[in-house]
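Engineer: Here is what each chain is made of, one letter per residue.
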Amino acid sequence: MNIKTNNNEKRDLALQGLYHVDDPEIGLNIVDLGLVYELDFDETDRQLGCLMTLTTQFCPMGDAITSDTFNSLSSSFPDWEVKVQLTFEPPWHFGMISPEGREFLGR
Amino acid sequence: MLAPSIGGLQKTTNYRVVLPFYIYASLGFLLGTILLWFGTEAVEAHHFHPKTLAITHTMALAWGSMMIFGASHQLLPVLVEGKLASDVLAYLTFGFTAVGIPILVYGFYILDMGLPMQIGAVLINIGGACFLANVLGSSFGSDRRNVHAWFVITATLWLLGTTFFGLLLVLNFRTPILPSNSLDYLSIHAHMGIVGWFVLMVIGVGSRLIPMFLISKYTDERALWWIFALLNLALISFMVLHLCGVPHEFFHIPIILGLSAIVLFARHCYRAYRVRIRKGVDRQMKTSLISVAQMLLPFVALIVSLVFLPQGEFPRIALIYGFCIFFGWITAIILGMTFKTMPFIVWNKVYRNKAHKGRTPAPKDLFNEGVYRIMLYCYLGGFITFVLGMVLPNRLVLKAAALALLLAAVLYVYNVAVTATHKSKQE
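Chains as they are written, first to last, in our numbering: chain A, 1 to 107; chain B, 1001 to 1427.
In case anyone wonders, no lab produced these hints; they're calculated from the structure.
Some hints could be false.
To be verified - Listed next, the in silico DSBU-like pairs over lysine-lysine satisfying Cα-Cα at most 35 Å (straight line):
| # | chain 1 | residue 1 | chain 2 | residue 2 |
| --- | --- | --- | --- | --- |
| 1 | A | Lys83 | B | Lys1399 |
| 2 | B | Lys1217 | A | Lys83 |
| 3 | B | Lys1051 | A | Lys83 |
| 4 | B | Lys1286 | A | Lys83 |
| 5 | A | Lys83 | B | Lys1423 |
| 6 | B | Lys1286 | A | Lys10 |
| 7 | B | Lys1083 | A | Lys83 |
All chains, please: the whole structure from these sequences, using the hints.
Structural biologist: Shown next as structure tokens:
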């Protein structure tokens, strides 16, 4: 995951929230699943951009996962403008799951 | 409050469009098993028996087709990589078919080829045409049409072909409009529906959904195109051979073509299963995978009838063949897929705006897993025992098996009701 900030406190706060955003079908959080590609903190305009993907482009829970991500970041950074953008380039694959995530999935 | 800024998301189908089909289909399954329980003696008669026809059309239309209509309205955006063309057409599909099916089934039950059956058949055709318009509008509204979309488009064309041919057969009973008696065309009508509609649709949708729900990245579009070609060739060659009145030996050609397609699809599912990301497989997916194996059973019945049995035994084998299709793989895949897709639809309806605002249950928590397990045992026990009862044949075994299937249907309806009426506890 690419996190564009030098502020470790903000980085940890964002991740702390995102670790509680689960893919409801898999039951694993989106950080360990490798769904979050980038967090971009724009200190000047107080904008936080989140570039993320889904396990499949037509994931039936896509709406819920992206809303959950938006709500998580918005509650962690109430004074910031949060933008969640989906991308399917590169497409998500098994190699993106963290070692902790693989252990959770029994792999 | 500002609207969330979320970009790049695929639009999903409104739950109001989908849920009525699921609820109707569950009641269709219940009706089918009730008719089976009251009509087990029909097993000993020819397949053109009022009760057998009523059961078959209940299972094919009220159960199988209504469930497929519901699921495909939900899944069309996934399959055609676009969005559903029209909610209104979906409501019209439901309205016409929901009214037409009971009228048609009643017509079969009392074997009245007059108004009830004709009105029912016309309404079902109008409903099918609305569905076709929606499928075509959705598919051609998107820039890309993958193999799954072609499965759905072709299956829907076969559906309309089946229902229109069915209407002609009904009219032909009263006024001769076809060269032969309607009974001579029954197997063509049946196979247009079974292979053209059900098998093509189930494989088109299943080849996308099974890997998706197994969290498997496996895909083999070339193999799917082969399956598509083999199934269509099998069906067309069967129809041509039947109409030309060739000797029975020639019917091995469509059987081999169809069997090859099913084996290829089973291989597709197995490979997706092998490279799945999540090791554990839930019961609903196991049920769906069992149904893939069940697809082979009708072929066993067919091969036995062609190779080993004298012509006089054919009607009984035809009934076993039909039972293995409608109460076998079609029912099994629906039992499994209902509780994979319906909880998602309800979950999205109830929780999509409540996400991250307190603990939310997972979609799998929206139905009763214990009841699902018992339903599955009743269904599998009932299915195997019923086939045994048909082979023997034994009335007591058939009644006991039909009761087990009826119990499975009651438990299924219960779980559908639990899921459909789920409400958030956060309120």
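Engineer: Hint by hint, note whether the structure agrees.
Structural biologist: So, going through the hints one by one against the coordinates:
1. With a CA separation close to 61 Å, the supplied pair lysine 83(A) and lysine 1399(B) exceeds the 35 Å bound.
2. Of the pairs offered as hints, the one joining lysine 1217(B) and lysine 83(A) holds, with about 28 Å between alpha carbons and a cut-off of 35 Å not exceeded.
3. Distance hint between lysine 1051(B) and lysine 83(A) is unfulfilled; the C-alpha atoms sit about 60 Å from each other, more than 35 Å.
4. Proposed proximity of lysine 1286(B) and lysine 83(A) is contradicted: the alpha carbons are some 39 Å apart, above 35 Å.
5. In summary, the hint linking lysine 83(A) to lysine 1423(B) is supported, as the alpha carbons are separated by about 30 Å, within the 35 Å threshold.
6. Using a Cα cut-off of 35 Å, the hinted pair lysine 1286(B) and lysine 10(A) is violated, with the two alpha carbons roughly 44 Å apart.
7. Restraint check: the Cα-Cα separation between lysine 1083(B) and lysine 83(A) comes to about 24 Å, which is no more than 35 Å; the hinted pair holds.
Going down the numbered hints, you'll see the structure goes against 1, 3, 4 and 6, while the others check out.
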